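Visitor: Listed below are the residues making up each chain.
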Amino acid sequence: MSDTPIIDLQNLEKRFGKFTAVSNVSLSLRQGEFFSLLGPSGCGKTTVLRMIAGFQEPSSGQVLIDGQDMSDIPANKRPTNMVFQSYAIFPHLNVGDNVAYGLRGRGIARTEIDQRVSEALDMVELGGLQSRRATELSGGQRQRVALARALVMRPKVLLLDEPLSALDKNLREQMQFEMRHLQQSLGITFVMVTHDQYEAMTMSDRIGVMFNGELVQVDAPNVLYARPRNRAVANFIGGMNFLPADAKEDASGALDVTMPGFGRMRIDQNPNVTARSAQALVGIRPEQLEIAADRPADYDAVAKGTVRDVAFYGENIHYRVLLDGVETPIAASVPNYFHSIDFKPGDAVWLGVQSASVIDLGRDS
Amino acid sequence: MFKLRSDTSRGLTLAAPATLYVGLLVAAPLVILVAYSMWTQTYVSIDRTPTWANYREALTDPLVRHLMIRSILIAGAVTVATVLTAYPIAYFIAFRARKKTLWLLLITIPFWSSYLLRVFAWKLILGFNGVMNSALMVTGMIDEPLTFLLYNEFAVVLTLAHAWAPFAILPIYVSLQKIDPSLLEAATDLGNGAVARFLRVTLPLTIPGIIAASLIIFIPTVGDYVTPSLVGGSDGKMIANLIQVQFGAANNWPLGATLSLLAMLAVGFVALVFALGLTAAGRRIR
Numbered sequence: 001m002s003d004t005p006i007i008d009l010q011n012l013e014k015r016f017g018k019f020t021a022v023s024n025v026s027l028s029l030r031q032g033e034f035f036s037l038l039g040p041s042g043c044g045k046t047t048v049l050r051m052i053a054g055f056q057e058p059s060s061g062q063v064l065i066d067g068q069d070m071s072d073i074p075a076n077k078r079p080t081n082m083v084f085q086s087y088a089i090f091p092h093l094n095v096g097d098n099v100a101y102g103l104r105g106r107g108i109a110r111t112e113i114d115q116r117v118s119e120a121l122d123m124v125e126l127g128g129l130q131s132r133r134a135t136e137l138s139g140g141q142r143q144r145v146a147l148a149r150a151l152v153m154r155p156k157v158l159l160l161d162e163p164l165s166a167l168d169k170n171l172r173e174q175m176q177f178e179m180r181h182l183q184q185s186l187g188i189t190f191v192m193v194t195h196d197q198y199e200a201m202t203m204s205d206r207i208g209v210m211f212n213g214e215l216v217q218v219d220a221p222n223v224l225y226a227r228p229r230n231r232a233v234a235n236f237i238g239g240m241n242f243l244p245a246d247a248k249e250d251a252s253g254a255l256d257v258t259m260p261g262f263g264r265m266r267i268d269q270n271p272n273v274t275a276r277s278a279q280a281l282v283g284i285r286p287e288q289l290e291i292a293a294d295r296p297a298d299y300d301a302v303a304k305g306t307v308r309d310v311a312f313y314g315e316n317i318h319y320r321v322l323l324d325g326v327e328t329p330i331a332a333s334v335p336n337y338f339h340s341i342d343f344k345p346g347d348a349v350w351l352g353v354q355s356a357s358v359i360d361l362g363r364d365s
Numbered sequence: 001m002f003k004l005r006s007d008t009s010r011g012l013t014l015a016a017p018a019t020l021y022v023g024l025l026v027a028a029p030l031v032i033l034v035a036y037s038m039w040t041q042t043y044v045s046i047d048r049t050p051t052w053a054n055y056r057e058a059l060t061d062p063l064v065r066h067l068m069i070r071s072i073l074i075a076g077a078v079t080v081a082t083v084l085t086a087y088p089i090a091y092f093i094a095f096r097a098r099k100k101t102l103w104l105l106l107i108t109i110p111f112w113s114s115y116l117l118r119v120f121a122w123k124l125i126l127g128f129n130g131v132m133n134s135a136l137m138v139t140g141m142i143d144e145p146l147t148f149l150l151y152n153e154f155a156v157v158l159t160l161a162h163a164w165a166p167f168a169i170l171p172i173y174v175s176l177q178k179i180d181p182s183l184l185e186a187a188t189d190l191g192n193g194a195v196a197r198f199l200r201v202t203l204p205l206t207i208p209g210i211i212a213a214s215l216i217i218f219i220p221t222v223g224d225y226v227t228p229s230l231v232g233g234s235d236g237k238m239i240a241n242l243i244q245v246q247f248g249a250a251n252n253w254p255l256g257a258t259l260s261l262l263a264m265l266a267v268g269f270v271a272l273v274f275a276l277g278l279t280a281a282g283r284r285i286r
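As they're listed, the protein sequences go chains X and Z. The C-terminal position of the first sequence is numbered 365 in UniProt numbering, with every residue numbered one higher than the one before it. The C-terminal position of the second sequence is numbered 286 in UniProt numbering, with every residue numbered one higher than the one before it.
Worth flagging that the hints you see were computed from the coordinates, not collected in a lab. Note that this is a predicted model, so its numbers are computed, not measured. Do not rely on the hints blindly, as some may be mistaken.
Said to hold, decoys possible - The calculated DSS-like cross-link candidates involving lysine-lysine, where the alpha carbons are at most 30 Å apart (straight line), are:
| id | chain 1 | residue 1 | chain 2 | residue 2 |
| --- | --- | --- | --- | --- |
| 1 | Z | Lys100 | X | Lys304 |
| 2 | X | Lys77 | Z | Lys178 |
| 3 | Z | Lys100 | Z | Lys178 |
| 4 | X | Lys304 | X | Lys344 |
| 5 | X | Lys304 | X | Lys248 |
| 6 | X | Lys18 | Z | Lys123 |
| 7 | X | Lys169 | X | Lys77 |
| 8 | Z | Lys178 | Z | Lys99 |
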């Protein structure tokens, strides 16, 4: 395998009039990677995808696919194929003709087209449905046809624009696994745009988080979850308690932080943080907190408080606890073991946390 | 207080005005027409003995056959000319124009003047001393007025193509407007250039619009008699002119009714074949 990135975005920028939709995005994707662009709506992630596909021209910067500059290559000549958010199944064609669409007019023999179409349909578990009318398909089937229609072209890169957003929850979870499996068995690079953090985390090798047209952090899902670069990323992925803290770097390079309620502790520096000041911000994931009636032993820091709200989520119970002398409530989520803990609003409780679970988020801004 | 009634009676009540309207203004005249076609004109009175004589006469008369075929051919030419010129306009409004409403309004402007006036306008433009000939003479492109502009089939086709344009533009525009832009992007994504994309996606998806436009134009054109009388000359006469004569100067209503019914059948048949044929052709595009 060559070291050339399959996709190389160089200082990509897109302006619509005075509005900058995408600013200075640089990104290299490895061959065979499942990459997700994650961000709230309007953050520019779809614009990036469309610039890779060739539907939008960058205002400046370049898109390289497999080392080749795409600036002068129109969308219909690029080695990419796309699964559209609406699936864009041709309503006047049946399933087989939809999947064969791109192969026809390429001078490929009819028998080969038929064979490739049937393979592609088998791949998405729609084998034998060639003559089904496009208008008779369910949402999940349309999604599979769109996938087969793109994959049958054997693209170097498959682009997916919110591919699961139109499906209901159960189907969506099933398709997450299926698409991941398909991607791994084919070895094709997938670039997916999504606003759903769980979708991005369950499927991707790496995730690029975008806010306001900027690519803020690119990392593997577990790194993104454990070491987010700043408050925005931490807030977008998973739940997070934010605590303002005084922080000093000590001789060993660790941070000496003082947090409201929990007091003082030493935590590791987050290598992803770039902006720092003495007024620091730390984060604690709700599920990293222990909640107990008595002062818990073996924790690096504990805090005393009162339960304010309880929410039952089935697999978890979420508590919001007001720490003594602290205004903002702290969220703690504990697995529901059917027996153990069951606090009610007003109960006095202790929270415990290990120093490894306290995330340095750099400057409070 | 309004009384609760059964769904059936409420449905009938709601349908009553439309039923009355269709019954009085469509079905009744049609029945009268069929009745007349089976009667006979005897000088000033009508012989009401049922007979197929009018049909026999109409179907064997070479003039009727000639005018019928010519009417259908001229109407076909008008339809083709109108749809071909309307399609690009509709395409422009649907995909390129920024102020769609303004454009649609502009398209309907010819309707603000009378149909008859528009036909006369073409007479003024195409006539012996008309705008066209004067302009060509002044610029020295011709030495004497062209005579082939007016009083022939060409003049009829041109005049009607202009008159019908909005009727073709609007249904085609609607069918273009309904196309999901992502379908066009998908075609591009799958390797199509602009031409292939148009032929494989846009065109098949607008066939219902094309059929609607064609029928809206073709059916009334076959029966048009004003335009052929005014700009058609003797070459441009159509079946409706003959029908008009039967109900007027010739004073033979039964034959006129027969010709009307035969024209309706012919138009219906051609329109059906056309619509089915175009739909089938569209299905073959893959």
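Visitor: The structure should be examined with respect to each hint, and the outcome stated for every one.
Guide: Taking the hints in turn, this is what the structure says about them:
With a C-alpha separation of about 66 Å, the suggested pair Lys100/Z and Lys304/X falls outside the 30 Å cut-off, and the hint is violated. Between Lys77/X and Lys178/Z, the direct Cα distance comes to roughly 27 Å. Compliance with the 30 Å bound is thereby established for this hinted pair. Using a Cα cut-off of 30 Å, the hinted pair Lys100/Z and Lys178/Z holds, with the two alpha carbons roughly 14 Å apart. Taking the CA atoms of Lys304/X and Lys344/X, the gap is near 15 Å; set against the 30 Å cutoff, the hint holds.
Distance restraint check for Lys304/X and Lys248/X: the Cα-Cα separation of roughly 25 Å lies within the 30 Å cut-off, and the hinted pair is therefore satisfied. Restraint check for Lys18/X and Lys123/Z: the C-alpha separation of about 54 Å exceeds 30 Å, so the hint is violated. The hinted pair formed by Lys169/X and Lys77/X fails the criterion: a straight-line CA distance of about 36 Å is larger than 30 Å. With a C-alpha separation of about 17 Å, the suggested pair Lys178/Z and Lys99/Z falls inside the 30 Å cut-off, and the hint holds.
Hint check: violations occur at hints 1, 6 and 7; the rest are consistent with the structure.
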